[in-house]
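With chain A fixed as given, assemble chains B, C, D, E and F onto it according to the hints.
6 protein chains.
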Amino acid sequence: MERIVTFGEIMLRLAPEGYYRFVQANSYGATYGGGEANVAVSLANFGLDAAFVTKLPKHEIGQAAVNSLRQFGVDTSKIVRGGSRVGIYFLEKGASQRASKVIYDRAGSAIAAAELKDFDWNAIFDGVSWFHFTGITPALGDTVAAITMEACKIAKAKGITISCDLNYRKNLWSRDKAGEVMGKLMPLVDICIANEEDASDVFGIHAQGTDVSSGKISREGYEGVAKALTDRFGFKKVAITLRESISANDNNWAAMLYTGDISYFSKKYPIHIVDRVGGGDSFGAGLIYGMLRDYSPQEVVEFAVAASCLKHSIEGDFNQISVEEAKKLAGGDASGRVQR
Amino acid sequence: MERIVTFGEIMLRLAPEGYYRFVQANSYGATYGGGEANVAVSLANFGLDAAFVTKLPKHEIGQAAVNSLRQFGVDTSKIVRGGSRVGIYFLEKGASQRASKVIYDRAGSAIAAAELKDFDWNAIFDGVSWFHFTGITPALGDTVAAITMEACKIAKAKGITISCDLNYRKNLWSRDKAGEVMGKLMPLVDICIANEEDASDVFGIHAQGTDVSSGKISREGYEGVAKALTDRFGFKKVAITLRESISANDNNWAAMLYTGDISYFSKKYPIHIVDRVGGGDSFGAGLIYGMLRDYSPQEVVEFAVAASCLKHSIEGDFNQISVEEAKKLAGGDASGRVQR
Amino acid sequence: MERIVTFGEIMLRLAPEGYYRFVQANSYGATYGGGEANVAVSLANFGLDAAFVTKLPKHEIGQAAVNSLRQFGVDTSKIVRGGSRVGIYFLEKGASQRASKVIYDRAGSAIAAAELKDFDWNAIFDGVSWFHFTGITPALGDTVAAITMEACKIAKAKGITISCDLNYRKNLWSRDKAGEVMGKLMPLVDICIANEEDASDVFGIHAQGTDVSSGKISREGYEGVAKALTDRFGFKKVAITLRESISANDNNWAAMLYTGDISYFSKKYPIHIVDRVGGGDSFGAGLIYGMLRDYSPQEVVEFAVAASCLKHSIEGDFNQISVEEAKKLAGGDASGRVQR
Amino acid sequence: MERIVTFGEIMLRLAPEGYYRFVQANSYGATYGGGEANVAVSLANFGLDAAFVTKLPKHEIGQAAVNSLRQFGVDTSKIVRGGSRVGIYFLEKGASQRASKVIYDRAGSAIAAAELKDFDWNAIFDGVSWFHFTGITPALGDTVAAITMEACKIAKAKGITISCDLNYRKNLWSRDKAGEVMGKLMPLVDICIANEEDASDVFGIHAQGTDVSSGKISREGYEGVAKALTDRFGFKKVAITLRESISANDNNWAAMLYTGDISYFSKKYPIHIVDRVGGGDSFGAGLIYGMLRDYSPQEVVEFAVAASCLKHSIEGDFNQISVEEAKKLAGGDASGRVQR
Amino acid sequence: MERIVTFGEIMLRLAPEGYYRFVQANSYGATYGGGEANVAVSLANFGLDAAFVTKLPKHEIGQAAVNSLRQFGVDTSKIVRGGSRVGIYFLEKGASQRASKVIYDRAGSAIAAAELKDFDWNAIFDGVSWFHFTGITPALGDTVAAITMEACKIAKAKGITISCDLNYRKNLWSRDKAGEVMGKLMPLVDICIANEEDASDVFGIHAQGTDVSSGKISREGYEGVAKALTDRFGFKKVAITLRESISANDNNWAAMLYTGDISYFSKKYPIHIVDRVGGGDSFGAGLIYGMLRDYSPQEVVEFAVAASCLKHSIEGDFNQISVEEAKKLAGGDASGRVQR
Amino acid sequence: MERIVTFGEIMLRLAPEGYYRFVQANSYGATYGGGEANVAVSLANFGLDAAFVTKLPKHEIGQAAVNSLRQFGVDTSKIVRGGSRVGIYFLEKGASQRASKVIYDRAGSAIAAAELKDFDWNAIFDGVSWFHFTGITPALGDTVAAITMEACKIAKAKGITISCDLNYRKNLWSRDKAGEVMGKLMPLVDICIANEEDASDVFGIHAQGTDVSSGKISREGYEGVAKALTDRFGFKKVAITLRESISANDNNWAAMLYTGDISYFSKKYPIHIVDRVGGGDSFGAGLIYGMLRDYSPQEVVEFAVAASCLKHSIEGDFNQISVEEAKKLAGGDASGRVQR
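Just so you know, the sequences run in chain order A, B, C, D, E and F.
Counting with my numbering, you get residues 6 to 345 for the letters of the first sequence.
Counting with my numbering, you get residues 6 to 345 for the letters of the second sequence.
Counting with my numbering, you get residues 6 to 345 for the letters of the third sequence.
Counting with my numbering, you get residues 6 to 345 for the letters of the fourth sequence.
Counting with my numbering, you get residues 6 to 345 for the letters of the fifth sequence.
Counting with my numbering, you get residues 6 to 345 for the letters of the sixth sequence.
Read the hints as simulated data drawn from the structure, not as lab findings.
Note that this is a predicted model, so its numbers are computed, not measured.
Any given hint could turn out to be false.
Which copy is meant is left open, because identical chains are indistinguishable; a pair holds if it fits in one copy or across any two.
Simulated pairs of lysine-lysine, DSS-like, Cα-Cα distance not exceeding 30 angstroms [stated by the list, open to error]:
| id | residue 1 | residue 2 |
| --- | --- | --- |
| 1 | K106 | K333 |
| 2 | K175 | K332 |
| 3 | K161 | K241 |
| 4 | K221 | K332 |
| 5 | K221 | K273 |
| 6 | K242 | K158 |
| 7 | K232 | K158 |
| 8 | K333 | K241 |
| 9 | K221 | K163 |
So here's chain A without its partners, still in its complex pose (with noise of 0.2 angstroms):
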């Protein structure tokens, strides 16, 4: 069985039940979630060998951090245990209108104020076929961003593949800051993920015709954006989620992956959203599976898209859909009949 890694930081997630706002809360939620974990927990399900690593204090705030990802098969055994706090999100769920807020309370975290010399790479990378990290790990801090750059040089002269989630997060860094240290990173990088606003976010590559905030998305401008992407970092594959979003509740979904001569689209799916954290998460995992599965380039996107979409309709920040599931979407069977 293929073993993934992925490296980042997952975070204890505070979010009031329903629909209610942050200042009616009497009571939150607690998961636990975070970019690369939800990569790790959505291949586990999946059935792969998935190893999580990071950074996380020895209390028992940390330790339900680790149960999180053990719980659902995420081999925990190269998290680094030490530092003082577990990073925390709030998260207030949007409806209609109102859109969702996230207030991020990270700084001080154990993986953030982690040394290079917590993480022996070459012991973590033995065995190992794939590494997955997005752009929100950089971003942490310099210490961070030079454990990175480590494990991707130890994982690219182990013949590693390397993918990376661009995910810029504005309030961790600036843009400047993040095309500078992003750009470093991504000659070493092989299967580059982005949204529909990523690389302009992050590399000033704008998609022509497109204008996100009132929903409208040109396909032939995303195959400039991959394009584009290709032409400057060498990557094998460039895939890009477009989200579509009508309201709160409602988006449409779907994605291209460019090869570096075809861009092949997935179907678009509108969905009612019942938690769209971790939606892009569930597509970087959905397109690893595919092409570790050697799936043709259409059925990558195709079972991508379809994992995440289905990613829309869970509560939490991992993806809990099997191969199954995605694939009978993939299919064609959107119905939603139930199954008895």
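Below, chains B, C, D, E and F without anything else, positioned relative to chain A:
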């Protein structure tokens, strides 16, 4: 007041709250339901004298099932107490493209293990004008099928109207077995109820021009199904519900009533679903009510469809709708404006 | 900072969670609300100095009502304490074709049993620039109507702007009685607010070309209503909300503001409803805010409609929306994209 | 099977969960209860045919009260439907030195506003062998007191045994008024039930050597009370519960039964309290059951005390205890070992 | 690190929240537990390499059971997947004089229906130093008893220490049958664990001077039991837990360890119970841990009793206690002062 | 009305419901608390004009903290808004021998990162008669210690009474550092409050004959502590709470007040604990209230101990007790009988 008896299984329904998946559930909402029990509750809510007949253990879980029925005015005095377990079904509510999922855990339930001598149908049918069962009941096992046959014969002899909802459950028996057993019961039945798939599953009678998985429904095709059923078994009336499943959240809902010569089609309602389990049962209850009240065929089918349309907005198996509410909707007020 | 006073009843609102019906409820969410209290909270959330005047018992349920207001910054120092009960309303949330349902249990509440001497309006109106009440308050009984009249007269004498939301409640009084009592209050009112049915219910002024139950709304018809109201009572401005109820889940929401010569129509928002109670009150608060901030008429109606559109996404009677959020929506961003 | 009728008010009970105070409550557990309703449920749980008589509104809150009774097998067919509200009581559970607190909001309830002609006692008492009420019922108002008197007279004429639990409520009437009204009803009563304070509150009959607030209870004193009550009103039997309140969590619980010559004292149970409301009512039900089953006086009081001891471990007003469970405890097994 | 294998059934545990009775439950807390699973989780929480062996269905309820184990670090890779249902037990928590109640619904579970060939014990026991099972496992049926026997024989051949907790369950088999089957397994067992009733139930070995139902426990009596068990079966060590049940809330808890010549008695702890299910299993786990760590006999029994004392303060079957916490209590700090 | 100012940190408190451990928590109850905030709320509940001073972020979590205070009538107008995070503490409630556990996550909070210029103490202290802080505040960092010093100096200059609760927190600073910083603040303090360990932790002043971990408390020893504190720092009064911890559920609670010559000892209350966090703060508030009301020393300490005894029965940090309730207990009624 007319007295109606329904016969079948009532199960403990265990459902994670909201849209949580089974693997995320830390608690289960515990309600009770089952095809014929649902019909009895709905009729009691309409103000009729409805009795539900089954077998339930003497322990507290059995008692809770009894209480769930008498809470809504169902006569539970004919329920036989004994046996060792209450059948269970686990229900995971779907959303958007993700289908709802049912896991049955009903083998060995008290009613499935019941004996012929447990039920004194002559006493049970004293003062009764209508008997209703569904195809689920004989599917529980050969003995229960025999009990059902005995009930039908005695009902017939007493001049009681018999209705049956075909309700095919593939996890309980094969299409062949269903066809064989149901084929013997049908000649005793006056009113046949079916959904858009049952006639095909049980008797191999297909609707022309219809592809359920794609959501395409042909009115003419179902007219043909009703006619074929009537021709084969001599039903007085055949009613068929016509569900178009757009997603797990959105369905269109309508029905037809065939009276041996004319097909009466109801309005079609676009439904935003709260809980669709028991939708068909609430239709059956509406049908029985309308017929007992001597509504015209068009009124019958409109009332039954309106009542069952509203069921989709109710949590749990039981339809908690009054006659007035169903009539108001059938009369055209679907605006959902606040009633103060 | 401008100081606004609103006067009326605040009730304990008891609502089953989610979409449960009253007969299924084993617990009730307990919040507080009422037309004028809702306006006060909304204005306080906008950063204004808003005081709510009522009478509430000294016991803990009365105290909890007070706390619910001061939690959001409303000045409760003018609330008279005494009387024996807090009015209650039970709220069942509708879904799809099933309407929401309100059962009032407010007879004998402290405010309904209040006396003229309980309120020293000269003191209450010290430093106040705006007074707001709704048609519910005088409907609570003759004494409360007299108190309201006294308040209006003193406000008028002090040059305070007076706004009134007609808010007809058929369970509190007849159309005739409402017309009579409100007819005497209206000449003191500067700004009249109404929904699409109030003018007809209270004053028999019908909108041409409109059938509320069918969801059909005529712009021209409401222009005529506003003009007729202005002609009869001499209002400075008339604002009318225009709700098209497609189902209990989906409404279209817009409004007009008539300034004596010109009608300003807002954008129309299709809303997926979380909780529509207090929708009109949040409009009124937006209107008052916009006028106090000297927005142009078009800006006023757009701000008020955006604020009240967002209210429909908020649980509870109180609108938990900031000025910035309302402005952002009024400015065109309705995409509901996650705010990180 | 013996048929028992109880008559009184059933209220909606709204209680914050756990040990939350009213001012902290964001939701209320919603159950139903009232002295005579509690007795009816307890008797139905013992397997008897118990009917509860009251008046309740036709709306859904009234219906929910009905359902709460028939769920446990109480005959609700004699309940009159009409009136405008269901009485409410708010209950805050105490802990340690902090006392439980009740806020009544029952004025104007359907039963308090009922009329003499609402109840056809000759029909209600058909086939009945026992009639039970408490001192709360006549305290609801002069008309309800008159209805109670009529019920007692007709019961007496039909040879029905009448029991009354004095149950003094100082917020409903004064001691003088209670003494006057109850003094007229008592001569019709066969079995008088009281707690350690009632006889003093209602009839000024004090127990020597007892100071309830200090938790000191004198057996001899209560023997004197029972004798004095019997001397004054000619009761066949007098039962008195003897609660020693150590804290809101811990009470000692015992009772005596006086048969006109001998006082039978029960064992005394140290109780760790889950919910003490309805403790006295569960004692009354046990007493009635024991007498109907012709237990010996000692057996009667032991059964009644054991049943009511167990009530203190049950959430809600209703005693959810079987005859077997009460007998097991009365028989000496108080170890609380797990029953597998 | 030592590797321990335990073998048995893990069930879905459905428990009403707080002190609600089954007939009051509208939802069930859903956790998982079972004698041997509980031991495995406790050992994993102590930091050991613990694997649990059973058979579970492939469906989501089976998966949830697996997840509940791996969440706490138990190795679930040896669990066989197949069969149709997960065993269930319903648990109602007792209070004061009201006993906790368990209703088993475990017939036909995957493990009860397992076959000999499902388990490859040679592979399972690879690298294992300790094997643990309880008397519940062979009670599941003759085949499971045969599987257990096979496991014991192979373990014995491999020099693995075998421990067995007698754990008699009267609803699974008779005392005679238990004595017969267990009598054949015992000669293979090294360490025998029992509670204060097991030896009597299974082997007819009674403790002198003890009456469990009265809470009276004789130290000397249990020394005799341990000696008799050792004489009959040749155990290396016998450990007996000594529970004195004062009420459902309050128990005294202690234990003895007999090493063939000397009896080591632990301190006795007065416990205020949160959840006593799994108390014995947590003792077994503590015992195994102490022996694997080569604690002295007195240290072993003190550690095991402290760990299991703390279990009574933990919700659910699983003991969520660290080695440090158990040692701290065993070391004398029982004050429960806040740890900041 | 006297105006009191308290200064310190208010944190988001995240606590699993009931007795769940952190690793079992799927949701956290979200309330707010902190030593000085707790005192302010308690004083506001006593009817005084209490203001709380701190710094809180502008975002919604900061706003929720503000709302939690003004809900109970605390003046929040002096709170500075800014900074990036709200301090958090995780609280796991202990039971029986298992201790409660607190995990602090407060580094980098807005108040800990506040600057001297954030607070204009001359303005804050306008019209103020009492200033209160605890040893936690200067422990937040050198700058906050300097702010505290400045506040004390200005308070002193204005003739404001200053009280300080030593409240040593070992996770915030060392005993040496605490002694140094607090040693400089103490000469400005009039009223010193301490628990049974603080004087020893901060100033090395030990109580003779006392072993806190064993629950043994010597009255004479604490008289000596009070005298030594007074001798060293010149306090006007010293109050010491005397907690005997029997288990996490059961504590004895008492206090002494030393007035420079006489020690006044309160009654001792055996408490069954609901939530003991904030127990000391509620004592401090009671003390301040009693002194402001010019109670005699014995009355002061009895009132303060009664108020804080009752706090142990209240969920959350804030003491939700009225003056009347505290007086009733101080007056001798500890029976916990239901208040109807």
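Comparing the hints with the structure gives:
Within a single copy, K106 and K333 get their C-alpha atoms only as close as 32 angstroms, which misses the 30 angstroms cut-off; across copies the closest is 14 angstroms, which meets it. Taking the shortest Cα distances, K175 and K332 sit within 30 angstroms of each other only across copies (22 angstroms), while inside one copy they are farther apart (35 angstroms). With identical chains, the CA atoms of K161 and K241 are at most 30 angstroms apart within one copy only, with a shortest distance of 14 angstroms there and 56 angstroms across copies. For the homomeric pair K221 and K332, the shortest alpha-carbon distances inside one copy (28 angstroms) and between copies (22 angstroms) are both at most 30 angstroms.
Taking CA atoms no more than 30 angstroms apart as the test, K221 paired with K273 passes in both settings, with 14 angstroms inside one copy and 20 angstroms between copies. In this assembly of identical chains, K242 and K158 lie within 30 angstroms of each other by CA distance solely inside one copy; the values are 19 angstroms within and 56 angstroms between copies. Proximity of K232 and K158 under a CA criterion of 30 angstroms is satisfied intra-copy only: 25 angstroms inside one chain copy versus 66 angstroms between copies. In the homo-oligomer, the alpha carbons of K333 and K241 lie at most 30 angstroms apart inside one protomer (28 angstroms), although the nearest pairing across protomers, at 40 angstroms, exceeds that limit.
For the homomeric pair K221 and K163, neither the shortest alpha-carbon distance inside one copy (42 angstroms) nor that between copies (53 angstroms) is at most 30 angstroms.
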